[in-house]
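Novice: Chains as they are written, first to last, in our numbering: chain A, 1 to 280; chain B, 1001 to 1280.
FYI, nobody ran anything at the bench for these hints, they're computed from the structure. In this text, a Cβ means the ideal position worked out from N, Cα and C, and glycines have one as well. Don't take each hint at face value.
[To be verified] Capping the alpha-carbon separation at 20 Å, the derived lysine to any residue pairs in SDA-like fashion look like this:
hint, chain 1, residue 1, chain 2, residue 2
1, B, Lys1104, A, Asp91
2, B, Lys1046, B, Phe1106
3, B, Lys1104, A, Met90
4, B, Lys1104, A, Asn92
5, A, Lys66, A, Glu12
6, A, Lys38, A, Phe20
[Stated by the list, open to error] Here's a subset of chain B near chain A, in silico, CB distances under 7 Å, partners left out:
hint, residue
7, Asp1116
8, Leu1278
9, Phe1279
[What the hints assert, rightly or not] Example chain A residues on the side facing chain B (calculated, C-beta under 10 Å, incomplete):
hint, residue
10, Ala34
11, Asn196
12, Asp198
13, Ala256
14, Ala259
Protein chains: 2
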Amino acid sequence: MNFKEAYSQKIELIDNYITFHLDSKYSEVSPELAEAMKYSVLNGGKRLRSILCIEICHMLGGSAEKALPFAAAIEMIHAYSLVHDDLPAMDNSDVRRGMPSCHKKFGEAMGILCGDALLNAAYELISESCEDSSSVQAFKCIAAAAGAKGMIDGQVIDLNVAATNECYLKLLTKLIELKTMALIRAAILTGACIANCDEKIMSDMSEFAYHLGLAFQLRDDFEDIIEDGAQCGDSPNFVNFLGAANAKEMLENHAASAANILKRYDNSEFLSQLHSFLFD
Amino acid sequence: MNFKEAYSQKIELIDNYITFHLDSKYSEVSPELAEAMKYSVLNGGKRLRSILCIEICHMLGGSAEKALPFAAAIEMIHAYSLVHDDLPAMDNSDVRRGMPSCHKKFGEAMGILCGDALLNAAYELISESCEDSSSVQAFKCIAAAAGAKGMIDGQVIDLNVAATNECYLKLLTKLIELKTMALIRAAILTGACIANCDEKIMSDMSEFAYHLGLAFQLRDDFEDIIEDGAQCGDSPNFVNFLGAANAKEMLENHAASAANILKRYDNSEFLSQLHSFLFD
């Protein structure tokens, strides 16, 4: 089986798990709420965060099956953040992955409530999977990344930047660390927590998450430039800030650092292939 | 010390804990986010839910100190739900407890994000307090009540009723059970979980929560009628549905049932006084 087939299978695993979970857990709630939740989370996402979580856990000798509910919870948190970011008072986006955004399809009140429900559903699922101290560690890690010291402050900074048109490299870096990198890092560290690994490995994984997250954002920024010709100001972007040559070098350095950490571990075949797929 | 003084002291205990927690935990986040969070949760609330949580725990022989973070988390969840309910796309309320509502003071985007941050902050606090299986039980209990099978579906039903002007007693009862009673019940059961009580007592507390929650809502509905002269349709209300005499009888029956359960327990002085204060 080639990498793309393997990756598709992993997406299917996550999506089937989320589908089954939502269908069985929320079968009796108001149909439009249940529908909006499924619509917003099962929308053809690449599942990068959840796959990282599961594969890191596998690489470190943990049970991928045990990581699965936490991985699914992370996807629900990611989905909620997109639903709320799309709201008229936020980024006011009518489209998400080529489809009407949640509030565009279900109305603004349902956009707010569906986001709330997905965020809470993530913690409901975690609460049902908290069976030992490593699960509680994973719970802490996810809750810290998703909150006011993580993703949410990232969105606050992003809105401030959009409103004032003022940005500088240090602020952009902070924005990205909070808005994008925090949840990717939490996904990786959650996999490591569930595998019950020691502090040395946890520190390695934290470093891996830093390099991978930054490389991933730089890659995204290059794609935005190609797609939209994004300019500094309306869309703060590393490529605009650093210039294409510097940004490319930075991307390559961080991607290489991430790859070097993976090389130290057995059972990292899939993650190495994923890395090549993203950055080669 | 009379009851009102004792009650005020308990409010102060909760508010001090929440203040200290938010100040120390979120000192480095964007100032407007930190300010909005404090503004929305420290707004002179009666702290009924958190005080029930702590006092039930105390009555059942548990450590009130151990219940405190869970009680504070419940208040943050209650506060987030009010912030989101007040948003223009929801109940569109400019005022909360005689002050500008969160989005009115900080803008709509911050209203959404502050609500998200408070909901997540509740789980961050719980994640840091999950030290044994009784804490995990409390976590499950809170997450279930706050989610799509609880409070959130209650708000969905409430919005549907407001939009269609269609309500009937069974639907009103479901709405109240989800929107109001679920979190009150979770507060009570959380106190019982932290006290590590057995199934028989848990079942008693569940029954107590049912009667107290319903009596509390009926009391609220009478107050609404007196304040606003609320009419069925624009504000579904037990008094309108049942007539004042029937509603009063229902209130008295549920209040009496709740009081009878308390009588079976030692150390229920404060809760009995609270009950008298609310219903006599």
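Novice: Determine for every hint whether it applies to the structure shown.
Specialist: Each hint tested on the structure:
1. B:Lys1104 with A:Asp91: 19 Å, holds
2. B:Lys1046 with B:Phe1106: With Cα atoms ~23 Å apart, Lys1046 of chain B and Phe1106 of chain B exceed 20 Å; violated.
3. B:Lys1104 with A:Met90: Answer holds: Lys1104 of chain B to Met90 of chain A is near 15 Å, not above 20 Å.
4. B:Lys1104 with A:Asn92: This hinted pair holds, its Cα atoms lying about 19 Å apart.
5. A:Lys66 with A:Glu12: Judged against 20 Å, a Cα distance of about 17 Å means the pair holds.
6. A:Lys38 with A:Phe20: Holds: Lys38 of chain A and Phe20 of chain A sit about 10 Å apart, inside 20 Å.
7. Asp1116: Since the shortest Cβ distance to chain A is 6 Å, the answer is holds.
8. Leu1278: 28 Å, violated
9. Phe1279: 31 Å, violated
10. Ala34: Since the shortest Cβ distance to chain B is 7 Å, the answer is holds.
11. Asn196: With Cβ-Cβ at 17 Å, over 10 Å, it is violated.
12. Asp198: 21 Å, violated
13. Ala256: With a closest approach of 31 Å, the Ala256 of chain A hint is violated.
14. Ala259: Violated: closest Cβ of chain B sits about 32 Å from Ala259 of chain A, beyond 10 Å.
The earlier numbered hints that this structure contradicts are 2, 8, 9, 11, 12, 13 and 14.
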